[in-house]
Structure formats: C-alpha cells, structure tokens
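Model the placement of chain B on the given structure of chain A, informed by the hints.
Order-wise, the sequence lines are chains A and B.
Under my numbering, the letters of the first sequence match residues 1 to 956, in that order.
Under my numbering, the letters of the second sequence match residues 957 to 1210, in that order.
Calculated directly from the structure, the hints in this document are not laboratory data.
Since this is a predicted model, take the numbers as computed values, not measurements.
Ideal Cβ positions, reconstructed from N, Cα and C, are used throughout, including at glycine.
One-sided excerpt, in silico: chain B residues whose CB lies under 8 angstroms from chain A:
id, residue
1, L1027
2, A1051
3, R1055
4, Y1060
5, P1069
6, A1070
7, L1071
8, L1079
9, R1127
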Amino acid sequence: MSLLSGWRAALRIARRDALRSKGRSALVVAMIALPVLGVTAADVTYRSSTPSKAEQLTAQLGSADALFSSAGIGPVEVEQMPNATNWGALDDSPAEPYAAAADADSAPVDVPGTLPEGARYITEQGVPATVTTRHGIITTDIVELRTADPLVRGKVELTKGSYPDGKDQVVATEHFLKSTGLHIGSRTTLRGPEQTYTITGSVELPADLWREALYADPGAVIAPWQAASDRDKKVVPPQVGDMTWLVEGPAGVGVPWSDVLTANKKGVLVLSRQVVLDPPPDSEIPRAAHAGQSFEPIELELSAALVTVIAMAVLEIVLLAGPAFAVGARRSRRQLGLVGTCGGDRSQVRAVVLAGGVVLGGVGATAGVAAGIGLTAAFRPLIESWSGIRFGALDIRPPELLAIAAIGLVTGVLAALAPAIVAGRQSVLESLTGRRGTRRSSRVLPLLGCVALVSGVAVAVLGGTSGDTAMIAGGSVVAELGLLACVPVIVGFLGRLGTRLPLSPRMALRDAARNRGRTAPAVAAVMAAVAGTMAIATYTTSVSAEHDYDYIPMLTPGTVALVLSDASGVDQLPLARAATERNLAVTGARADFGRVWAGSDCSVYFEKENDCGSLDMVKPKGESHRCPLQGAGAKKLAETLSADEHKRLMRSPACTDEYLDMSAFDTGSSKIVVGGAEVLTSYVRLDDPAAAEALAAGTPVLLNSAYAENGEVTLKAVHRYSDQDEKNRKPHPGKAEVTTDRLKVYVAPAKYAATPGIRMIMPQKTADRLGLHTAPYGSLYTVAHTPTDAETQAVSASFTQAGGRFYLQAEHGGAAREDVVLLILALFAGIVTLGAAAITTGLAKADAEADLTTLSAVGAPPRLRRTLSGFQCVVVALTGVLLGTVAGVVPAVALRLVDLSKAMEAMREQPMDSAYTPIVLPWETLGLLAVVVPVTAGLLAALFAGSRLTLTRRAG
Amino acid sequence: MPLSVPAPSTGPSVDGPVLELRALTRTHGSGAAEVHALRGIDLSVRTGELVAVMGPSGSGKSTLLTLAGGLDTATSGQVVIEGQDLSTLGHRGLAALRRRSVGYVFQDYNLIPALTAAENIALPRELDGVSVRKARKEAVAALEEMGLADVADRFPDEMSGGQQQRVAIARALVGDRRLVLADEPTGALDSETGETVLALLRNRCDQGAAGVMVTHEPRYAAWADRVVFLRDGSVVDQTLSARAESLLTAEGAE
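Same shape as in the complex, but just chain A:
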C-alpha cells in the first residue's frame, strides 16, 4: 500500500470539506493568514525602508559620482577609509583632528583644486536662519544648492511647483511648509538682512522626509546676507556651514580610489560611489594598513529574543487554529468513521485530518503572503511618511517570504496534528454511532505538565536572575506547554466548583469538565493569545514606567517658562509676557520670578576672571546632608544596597541635588529665585498656606531640605565688584566683602527637592535685607497643552519684535507612551479570545444537542439554551484569560529581572545611576481581557445561540 495514494484521497476529501464548511475554513485560514500577513508586511517594509548601500549613497550624492569635502584640518595629508566617515590625519591618532579643527579657518583647503581633471561640480552649503512664517518666525536651515541641477536628482526631489530660478526664489521641504503654514507662492523673509524670497515649489529628501529646510540657488542667500552685514553692523553675519562639492567625474571614469588618495594628500575627504560600492582591497588602503583596521561591516546578532518570538508565535497559532481543526474533526466524525469502514486504517484517518491542515495552512500562508505584499504596496505612501524614508522600490525577497509562508503551512499542519491523532485513535464504531466515547483522560500528562510548569518557571526565573535571555525564552515556552498539559486537570477541577450554582452555569461548568477534550484546546487557545499579549503588555508597561521615572523634566510638567536671555532685555519683559499670554494656551496665574546675586552681576561681568560676586548656599556638614552615593565610599556602599534601598537614597534630597542639574532656566549654582506665593502654587505646586505665609513674612522657602540645619540655611555671599560696574562700584570701593548669613527658612517636604531649577525661593525683602541685588528674570505659566508649532512661531515673532532677548522653554515630557501598541495588542487578544470561545461554544452546542433536546422535553424554557451557551462561552474565555495572564506574566517578570540585574550591575559601577526597574502590571489591558471580553463573549454566544429546538436524528 503506497503512502501517497492514501494521502491523495485524504487531500481530496480535505479540499472538498474546506469548501463545504466555508465559515470554519475561513476562520482557520484567517488565523493562519493574519500572522503571516503581519510578518510579511513587516519583512517587506523593513527590507524596503532599510536603504541599501547604493540608496544611502544616492541620498548623499544624488546622481553625482562623489562628494568632496574638506577634512577641516587644513591642507595636510589625511588618510580615509573607503566610506569617508573613518579618517585621520597622517601619523596622528584619530582623536586629534577634532582638536585641530579649530585652526581650520586659518589654513583654507583648496577643494576644487583636488577635483579630477574634466570633472564638473556643484556646491552645497547651509546656513541656519530665522525666517518669517504664517504664524510668526522660525529658525531653520537654508541650503544653497542648485536643486534644478541633474546631479541633485535622487537627493532632493521636486514634488510640486518649480525649482527656484533667480536670487529671490526658494523651494521648501514639505515638512517645512506643513509646520509653518506657508505654501507654494508664499513669501518668506530672512530676518536680519530682511531678504524676501518667494517659495516656488516643494521638495522632499527621499531619505529624510521629515527634514525642515529651505533650498536656494548658490549666491541667493549667503552672499547678500554677508554684504548686508558688512554694510550694517546691526545685521548679525551668517554662520555658514562647511561647503561640500558634488562632483561628476570625467565620463566613463567616475571618481576612482586613486583620485580619492590624491585628494587626501591635500586634506580633502572624498565619498565616491564607485569606491564604496566596490571598495579596494585592504592592501591598497593606507589607513587600513596603518591603523590595523579592516573595512568590515559589523554583523548583527540574531537575538535569542527573535527566536523566542517566532517559537511563541508558531506555538500560539497552533493553539489557536487547533480547536478549529478539532471542531472540524468532530463534526466530520461520521465521515472519518466511514473512511474507517471502507478500510482506512488509523494513519489514513489521521491523514484526512492532517490534509485539512495542509490545505488550509497552504491557503492561509499563500493568502497571508499575498495580502502582506499587497497591503504594504497599497499603504506604501502611509508607511513611507511614517518611517520618514521613501522606498526606492518594494524590496521583496522570495527566500524570506517563502520561509514565512512555510512557517504558516507548518503551523497549519501542526494545528491539525492533535485533532488528527485523536481522530485516528477514535474507534470506528464510536465515530459511526456518534457515541461520546468516555475516554479516561491521561493521568501522566497533567503530572508531566506540572513538572514542566514548575521547572519552566524555575528556569525562566533563574535565567532572569542570571541575565540569560535564552533561558528565559526556553523556560517560558516549557512553562506554557506545561500549563497547557495541566489545562484538562484545571478544567476538571472547575467542574467541582459549580455544585451550588444555578442550573445554567452549573451545567456549563460540568459540561466543560466532562468534555475536557474539547474544552482544553479552546482554553489553551485563549490562554496562548492572552499570554502573548500579557507578556508584551507587562514588559512594555514596566519599561515605560521606568522611563517615566528616569526622565528628568526641565520644568514642572504642564508649565512653560519665559526667560530673559540677556539682562538688558528686562524693560521689554512686559511685552514678552503679553505675547506669551496672547499666543499660548495659558491657564491660571502668571508667576514672575527673579534672579538674585551678590556683588557685580556675573551674567554681565564674566569676561575677566574674578570680576563678579558669588552667592552660595552652604551645605551643612554631616552624613545626613551628603549624598552617600557620591564620592568616597559610594562604590562600597553600592555593593551592599538593594534596588529599593538605592532608590530611596536616590530620592533623598541630598542625592536629588546631585543629579538634578539641568533646568530650563539658570539662576546660578545656588538655584535661588526671587519670587512670591504664585511660584509656589503654579510651579512648585506646594499648596501649604504656611509656606505662602512664610514668603509673605520674609522667610525663604527651602525646597531641598538637605541644605537645612535646625530650620536654617547658611548663605555665603562674596560682594565682589567689577571696575567696569560703574553704578555699583562707587558705593562699594575696596576689597570684596564676604558675608555669611544664617537664615530661618520654611523647609518644604522632601519630595519638593525634585522641583526643576529651584532650590530655594527668596522673598524680595529678604534679598534687600541681605544687601543682595535682584532683577526680574522671567515668568512661569501653567498651560493647557505644550505649545504647537504655530504657537511657538507666533511667540518667537513677538519676542523678536520686543527686542528678541527672551526665550520660551516648554516641557515636552518623557518618551511617548506605548498606549496605542498596548491597545492594539489587547484588541488582538480580545478578538482571539472571542473567536476561541465561539468555536468551543459551537462545539459544545453540537455535542450537547441531544442533552438540550432532552432538557426541552422535560420542560426547560427555551432561554435555557441561550444562557447555557452563554455560560459555556464565559467558562472558556475566563479560564483561558486567567491562565494566560499567569503564563504571560512569567516571561515578562523574568525579562525584567534581567533588566534589574543589569541595572544593579551598572549601579555598582556608577552609584549615581538609577537601578529602579519596576514591574508594573498593565491593569487596563488585564481589565479589558478579564472582564470585558468574557462578558462580551458570553453575551454574543447567548445572542447567537438561538432558542429553536432542532431534532437530531439518532444514528446507530
């Protein structure tokens, strides 16, 4: 008997069966096709958006053969690698060129002189500039490059309008137009020289779609600006960038390696297309020979994580599609019995079910790949603008897509495997009569499952503590499989819980427990989907909680600061405040704050050494005022600290003071601001009437308690005056006076030590009393939202009108949260859970038809069918969700433990590094999955169950 002949018949039956039960087939195909689609789309997108070497070169060179630029260290010989990014001066260490770069201006390099004979070139040079927009003004780059030149093609492309022609025309990138509210035909004025340009077209950089810049022809911007600056000293001269040369070599020759070496002799670097694409051997690269470096690209490691993801994905699809095949096998049980009576042996019966896997897996895989490519192609513009890179061409790699499709096919076969084995084992008689074979469930399997579960968790946790991701991956998979094996036992246990419940839930629980063979795969499917979602959700939620914690804001979140950038602008401050209030979504009161200093103002008299005063808050001596993680003994202490103890120490005012050194405004090293109660309420958010009263009474409010000793702080002021400071020098002749004052302060609770930019708020009258100088410095506002592009541009324009000596700082917050990703994941798991629950309910209904008929016969109301179906669905969904949560949290926790051990290691090396590695459960996702989904599943099942009685024909 040939194996093939049995399979041929099996495939035929499977194919026809798939067509006969279209709904179920579509479900299975969808389950297999969706992940295949996702992976295909990801693969095509990744391959297309990862620029090839040639595409990278086009982004830099356009259609030119090479890019020549000065190395910036004068006309001295340099050595470069073929890619021109790794280079160094001859006989010099690679670090030195940066030091030498300062002298670049003194010794100009003649780049055009190094171009090969017969070469044509164009130049590119950028300059930062402030230009007018529809909303106000913006600072952007203006690039002088002849964009109409064929050499630029591929680097900058016109999307609308026309290239600039003449000295008063520019083109703008699409993002520039979007952010400024300008359009083709608009005029924009370059502030300073007041040159006005018409925007004739929009362009895009295929390799950088997000770029905001203006492009003008050479000579249109920089030269007239320089001329204007020369004429009028009030016009700030342009701060031009380095010029580069796009070069087209002599026809048919290009720019070979020999030309590169020649140019190197004059201090010129060359990025040549043909050299990069076909690099010379190391023996011809002097730098490779010299520095002992090789021009080898770094191979990416195939991470264990990727393998885990693939393994888990296959496992989960198998678990998801499995029940569908189980339903199929059960529905066509009689058909399989007939195959048996025709002399089909077990392997042939198995083949019929497995063939279903082959057929549906094949269709699913093919459809998935096709849809993946199709959708990527269809949504290409969207994906391009999202990734910021124009795809050269859709990069479709058949071997990769074939592998993806093969995994899909294998998944289908694997999913059909368990149902096939079960179907093969079923006796022909049972199949024919439709009798529910009372098969005793295996006792060994759950035992093995428990062992696998425990050892898998142990391995994962061990991997977590030892930092081995492979162990985590392996352990998690083993644990999940173990839990799967235990599902029948757990379901059986559930059956005993129902004794006191009303009829419908009791029957649902009993039914689920008595028919473990069908309940278990569905529970497993739900569990698989939920486990994956919970693993990712738990991990990402934890990581983003860590990022939120580690993020050090420049301002109190939700506030903006208007700050004086030049002390001479103090008279225009009211104008700037009015502009801010007019243009931003300011809510609540303004809080003005000022600077305080001793002696001459260091922000004015900084040119000579020791020409201004100083004002310092003296930190009291003693351990309680010092951050133990800093300085002597810190490493030794770090060795003994747990993560929690370290976190507590890091949060202490003394340590906060050490790392909280960045702020939107700079009021000197002592971080004392002059202000009133408004600063407390709108910026510090300290709502203690005592604090406000203290300020009113002339008592400073100290935000960092580490500086307080017995409720007092020590201020040391050096009243040193500059001879230039005519106004103040007169009353303070002679040597600098040093005063030390002990001030009674209101000490804010420890958490206020983290207030960005302010250590102490001093009332004006206290400063006056201590003989200190003060001046208004700016204002703090609470805003409804962070300023938009338009708002920022409008404020900038108003500031410029008011003299331009201000800046506005907004707090944009930490990294973007992954809420959308989590939501999509939860939805995916929710849909899978609904699907799996629906499959089981359908299966249960098919099985229980006889019981339902009996129930109806003894007078059960029709709605019982509905409630029973609903509860059957809820049992499956809820059990699966709860088990899945457990199974998903294990790997996430293990991975976090790895993160923790890495962070601890880093902390022991650098005691001031945060080792905070929280494990945060994604409660929203969990709530959605554990409550909303099962309830929805139950309601849907009840709704679609139908209360109609169908009489079944008894067979056998």
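Same frame as chain A, but now just chain B:
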C-alpha cells in the same frame, strides 16, 4: 466482463462459509451494569447466500453486524471471515480486512459527502494503494453495471436516497470483497426504492457474494435466503425466508 465480484466457482473457498460466527458473546459493562448483548451466537453464511437478521430493539442485531465486520471485539467466541480469525488481527489487519474482504452499508449517511459517487466507490481501492486511474475505472464500471453511470460525478447530496444506497452497495463490494454487511439498508427509503436496493443486494449475492442484512421489515426479509431471529442476544429461530412473515406476525404480537 463482470466486475471484480468473483463467480462462485472461482472463489477461494467455494465450499467453506464466507462468514462464520462461533459461540459469539458480547457483554457491555460489568457487575450490576452488565448487559449481555449477544449470548453464544453461531451462524455461518455461505457464498451466494443472503441472510436477514430480525428481532426487536435491543436484541443484538447491530452488535452482531459490528462484530462480524471487526468494528467491535467479541467478549468470547470467534469471528472467522474467509478462514481468517478476526481475533488474531490487529488494528491494521482489521482495516485491511475492511478494505479487502468486508463491505458495510448503513441506514443513512452512507457516503462520504466530500467525494463524488465514483470517488466513494473507488475509496477502498485507493486506500488499498490501487492507482487513482484504475480505482476510478473499476468504480465507473460498477456504476455502469447498476445503470447509474450518470451519477458518477455527483456528490451524495445531489443524489436521491436510493441512488446513494445503491452506490453504497457498489462500494461495499468493490474489489475482491465478497461479504456485505448491511444495517437497515432500506430504513431511510420509501418502499419502492427499498425494493430496488434489495433487488440489487440479492443480485450481488446471486453473483457470488455473501450478505448479512439487519432489517425490521418482513417484506424485505423475504428477499433473503434465510432469516435469523434474535431476542435478548440469542438466536431464537432460523427459518427460510418464506416463513418469515408469518413468524414475524407472531413475534410482533408481544
């Protein structure tokens, strides 16, 4: 050429019975739940013979048929088909037996819905490793002989009940098989169609097959050579078919 059903004179064991049941017993459950489905049945069916099995519900008719085809295992006693003791065969052996020696016909759902009439008939041969082309040729020949050539490519749900049942009989006897076990083959058919199906079954047996048929209907039993009456798992009477009707009237009275 007559299809693969061999003529009586060329059969392997012309004189020996095709099916022989010896002291066959089948007990379900144990202890208080013990049910004796069959108690020591002896029966032999020869080539060319069609035996009808009758009896009230629960008398063991269907059990007898499933044991005879090796779908179920006897508690004691022997089932011998063409000289082969079924108790000596494993799963594979029994499957092979069903492919090569025994054919089944059931009351309903006889045909595999996913296969056409010709494919259904060809299935046992295909499962036996015969090439698709040859198996199909045999199937089409069998259909032609029964005057059903036009349904060859129809699916079961596109055929009438009688057509389905006749195709099922053809499938039961395709290849070298000589024993057909029919469980109420006419149960789902109207009387006229039922007669056609019985005529076919009779005809097959006359051509050299052997048949055992479970039925409730005395007038179908009349097609058989012999009628075996079962009650509570034992044979209570064996008679020639002519007497069946009168006997059944007596049985039916209780």
